[in-house]
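Please take these sequences and the hints and turn them into a complete structure.
If you're matching positions, the sequence shown starts at 444 in my numbering and goes up one per residue.
Don't take each hint at face value.
Unchecked claim - Just the calculated beta-carbon pair ranges, DEER-fashion:
id, residue 1, residue 2, range
1, D608, S544, 45 to 51 Å
2, D449, Q604, 36 to 42 Å
3, P460, S544, 16 to 22 Å
4, F643, Q482, 33 to 39 Å
Quick caveat, the hints were computed from the structure, so don't treat them as lab data. Glycine included, C-beta positions come from ideal geometry on N, C-alpha and C.
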Amino acid sequence: MKKLIDNLISEGYLKTPAIIQAFRQVNRTDFLLPGERSQEELEAESEINAPLPIDEGQTISQPLTVAFMLELLQVRTGDRVLDVGSGSGWVACLLAKLAGSAGRVIALERILKLKKFGEANARKYIFHNLKFIHGDGARGYPAEAPYDKIHVAAAAKSIPQFLIDQLAKSGKMVIPVGVGLQDMVQISKSPDGTITEKRFPGFVFVPLVESKE
Numbered sequence: 444m445k446k447l448i449d450n451l452i453s454e455g456y457l458k459t460p461a462i463i464q465a466f467r468q469v470n471r472t473d474f475l476l477p478g479e480r481s482q483e484e485l486e487a488e489s490e491i492n493a494p495l496p497i498d499e500g501q502t503i504s505q506p507l508t509v510a511f512m513l514e515l516l517q518v519r520t521g522d523r524v525l526d527v528g529s530g531s532g533w534v535a536c537l538l539a540k541l542a543g544s545a546g547r548v549i550a551l552e553r554i555l556k557l558k559k560f561g562e563a564n565a566r567k568y569i570f571h572n573l574k575f576i577h578g579d580g581a582r583g584y585p586a587e588a589p590y591d592k593i594h595v596a597a598a599a600k601s602i603p604q605f606l607i608d609q610l611a612k613s614g615k616m617v618i619p620v621g622v623g624l625q626d627m628v629q630i631s632k633s634p635d636g637t638i639t640e641k642r643f644p645g646f647v648f649v650p651l652v653e654s655k656e
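Structure below.
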């Protein structure tokens with residue numbers, strides 16, 4: 444992915460040295476559906492700056508979009524992070540790299556088959572700070588809350604209150620919001636618990652499935 448990463452840097456989407464290093468060390472190729480393709484074919488596909496199908500109607504996210512979200516999120520060493528809709532496991536591993544051994548990443552996936560797929564992909568690396576959970580992403584994972592950072596990889600109709608409640612004070616969440624064409628929303632919680640938002644239009648994600656209960 445060297446050429447793709449270099450392009451994301453030159454275009455201004457990748458800026459932070461730690462995020463650039465994570466992109467270089469956690470190879471998107473390792474998180475694609477192999478099928479009957481050769482390693483060379485998989486590597487060529489991973490260079491495509493677009494979402495790619497994995498299974499169950501889901502995708503591995505576009506690298507440009509992942510870079511944009513991680514730059515907004517700014518995960519630091521030691522952060523406790525929730526990854527909602529972990530899918531292939533690629534972003535979960537990027538987050539684990541950024542959080543470091545002192546941090547903790549919970550990768551939450553509603554579809555059991557994809558949870559197992561992402562978990563298997565992550566085993567290609569050694570991350571002792573990463574745990575995969577099968578569960579309802581819109582409800583978060585309160586057992587390990589609060590989270591310094593929350594990354595959501597599916598579009599919510601509105602921002603789930605469960606996730607706001609599980610965000611730590613001084614924490615940040617990045618989530619696509621809307622139906623059809625979505626806004627990327629950066630949510631910041633102040634030390635006194637006040638919520639502020641910044642919105643960036645023009646994104647398309649698969650919908651976040653939310654329980655009706």
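Hint check results:
no. : hint                    : verdict
1   : D608 - S544: 45 to 51 Å : violated, 28 Å
2   : D449 - Q604: 36 to 42 Å : holds, 41 Å
3   : P460 - S544: 16 to 22 Å : holds, 18 Å
4   : F643 - Q482: 33 to 39 Å : holds, 36 Å
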